[in-house]
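Visitor: Using the sequences plus the hints, can you model the full thing?
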Amino acid sequence: MPVDALRFASPFSRPSAAGSPAKIQSSRGMAIDPQARASETELIREAQQGSRAAFDSLVRQYDQAVLRLALHLTGSEQDAEDIHQEAFLKAYRYLGNFRFECSFYTWIYRIVTNLCLDLLRRRKSRKEDQAVMIDASGEEMDLLNNVSDERASANPDRELSRKVLGDRIREALDQLTPRERMVFELKHYQGLKLRTIGEMLHTTEETAKNTLFRATRKLRANLAEVR
Amino acid sequence: MTMKCETAHEYIALAVYGDLADDQSHQLEQHLTSCADCRSELEGVQALAKAMTLFPVEEPSANLVARTRLRLEEALDALPRAGFLVRISQQFSQGVGRLSSAPVAASALLVVGLAAGGYGGYRAGKHATVAIPQDADSVQIANVSSIVKNPGSEKVEVRYNRLVPESVQGSLDDPYIRALLVIGARNRTNPLVRNDSVGLMAGECRAGHQCGDGPVRDALMVSLLYDNNPDVRLKALDGLQPYVADNTRVRDAVLQSLLNDPDTKVRTQAIGMLQPVQADSSVLDVLHTVAARDDSPQIRDVSQQVLSQAQQIQ
Chain A
1 MPVDALRFAS PFSRPSAAGS PAKIQSSRGM AIDPQARASE TELIREAQQG SRAAFDSLVR
61 QYDQAVLRLA LHLTGSEQDA EDIHQEAFLK AYRYLGNFRF ECSFYTWIYR IVTNLCLDLL
121 RRRKSRKEDQ AVMIDASGEE MDLLNNVSDE RASANPDREL SRKVLGDRIR EALDQLTPRE
181 RMVFELKHYQ GLKLRTIGEM LHTTEETAKN TLFRATRKLR ANLAEVR
Chain B
228 MTMKCETAHE YIALAVYGDL ADDQSHQLEQ HLTSCADCRS ELEGVQALAK AMTLFPVEEP
288 SANLVARTRL RLEEALDALP RAGFLVRISQ QFSQGVGRLS SAPVAASALL VVGLAAGGYG
348 GYRAGKHATV AIPQDADSVQ IANVSSIVKN PGSEKVEVRY NRLVPESVQG SLDDPYIRAL
408 LVIGARNRTN PLVRNDSVGL MAGECRAGHQ CGDGPVRDAL MVSLLYDNNP DVRLKALDGL
468 QPYVADNTRV RDAVLQSLLN DPDTKVRTQA IGMLQPVQAD SSVLDVLHTV AARDDSPQIR
528 DVSQQVLSQA QQIQ
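Going down the list, the sequences are from chains A and B.
For the first sequence, the working numbering begins at 1 and goes up steadily by one.
For the second sequence, the working numbering begins at 228 and goes up steadily by one.
What the hints contain is simulated information worked out from the structure, not anything from laboratory work.
Honestly, I wouldn't trust all of these hints.
[Unchecked claim] Below 20 Å or equal to it, Euclidean Cα-Cα: the simulated SDA-like pairs (lysine to any residue) are:
#  : chain 1 : residue 1 : chain 2 : residue 2
1  : A       : K193      : B       : G245
2  : B       : K277      : A       : D167
3  : A       : K163      : B       : T280
4  : A       : K209      : B       : A248
5  : A       : K193      : B       : A276
6  : B       : K277      : A       : G191
7  : A       : K90       : B       : T475
8  : A       : K218      : B       : E237
9  : A       : K163      : B       : L281
10 : B       : K277      : A       : R181
Guide: And the structure:
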């Protein structure tokens, strides 16, 4: 077992966010360049004074990332849209309360993660599954669409097994508590630092770390057969 | 120095995300050379990471992004135009020529209502048909709100609002008196009235007389930020002193004043008021800005001093 396997960057692939790959790494906000951060501050101040154009500019900087997060977490375009809407409307209403005590990025994400947590909790309590059924062949059948023959790709077996495995992962993730799911999503899929995650969830880095460990232990237990 | 497996497991979980410090990484490597259990733990964690790639993060489609943005635009367009403070500041910046506009008439009617013993007079007054007064010369007309001529008739109906001077006496605790002071603080033409109104309200707030989250304190914040007379702004600042430590809205208003007020005395007093709340990072943020960019050298010095004190405490 090669010990220098530790030297690898990270084994999972993360699609680079359109137009801003460096964004995700910084825990203090997207702009590492101090001038860019200064101009974001200006933009925020303008928006706080009532400039709608400035607010729209701010939205443009963050809304794709927000959608990406909400989409992956909820698995539903409709839910992602709703979360996006609620998050930015809240941001608009409460922009006056933003006092630069954290980065704007953290502030927005805090709003978004709270909305996501609410949704996850509602789902858990209703145990409402999406309109998906597994039919006899193990292939996912969306109740809203018919499965047509055109969907058989050149390599049907591999497609099918990828799909089934993907569903297994999703099921395993659904077994986590909303908080565990959230922390795992933010760390593993969005690449945020534990300290940032702590800030976003109004908790400490230590607590975020422990939540992450719990999540990974549960996932490994659930996915023992998946290799 | 041997590492416990428990710690090694933690390190392994973090290493996969590239979150391990170099020295921790080194310690872990050492441990792994002699611990088979932890090596298999590393394999397990790596396998999980690999499995997770089967559920990748997808980029939202252009379609989704577009319709989400559109929906947000529509929702924002449907909201009332601007927040409370911005609306009030717009009232301030409207010219003197608009004396006949609604706020003045409304305030005149508020006075009428008060004299009649209740706020109920306020809304009713605006649309009531008023009997033709006996002495037309003594009536001051605030504005004419509508004229209707019935076809085929000589008669015309004119609706108008009257400006009726009134006076009322009462104590500073009285909510009606307070409402009047709030309006007095916005008197566009007479700074003496504003000065007196703000002075009285500030006195109430300094004494802690029912000045919590309410119209009087809000009025002081508005005067602090938007009155064009520095003496009025100073008085307003004075009245807000007891609330800076505990209330973030008040603190924000004082910070804004420190950043934007054209008068040196006001900015100096603002810094003085912020000294007890250095722990707030937004205060420190503003002090940094002021220490670097204020026009007045004294203010830059004072900010710098406050900052160094703050750093010593921390």
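Visitor: So if I understand the rule, the pair passes when the alpha-carbon distance is 20 Å or less; does B/K277 with A/R181 pass?
Guide: holds (18 Å)
Visitor: Can the restraint linking A/K209 and B/A248 be considered satisfied, given a maximum Cα separation of 20 Å?
Guide: holds (15 Å)
Visitor: For a C-alpha distance cap of 20 Å, please report whether A/K163 and B/L281 respect it.
Guide: The given pair, whose Cα atoms are some 8 Å apart, holds under the 20 Å limit.
Visitor: Measure nothing beyond the straight line between the CA atoms of A/K163 and B/T280; if it is 20 Å or shorter, mark the hint as holding.
Guide: holds (12 Å)
Visitor: So if I understand the rule, the pair passes when the alpha-carbon distance is 20 Å or less; does B/K277 with A/D167 pass?
Guide: This hinted pair holds, its Cα atoms lying about 15 Å apart.
Visitor: For the pair supplied as a hint, A/K193 and B/A276, is the alpha-carbon distance within the 20 Å limit?
Guide: With a Cα-Cα distance of about 17 Å, the restraint between A/K193 and B/A276 holds, given a limit of 20 Å.
Visitor: Quickly compare the C-alpha distance for A/K90 and B/T475 to 20 Å and report which way the hint goes.
Guide: Roughly 19 Å separates the two Cα atoms, so the pair holds.
Visitor: Within 20 Å, alpha carbon to alpha carbon, are A/K218 and B/E237?
Guide: holds (15 Å)
Visitor: With a cut-off of 20 Å on the C-alpha distance, tell me whether B/K277 and A/G191 pass.
Guide: holds (15 Å)
Visitor: Given the hinted pair A/K193 and B/G245, is their alpha-carbon gap at most 20 Å?
Guide: holds (10 Å)
When each numbered hint is compared with the structure, no violation occurs for any of them.
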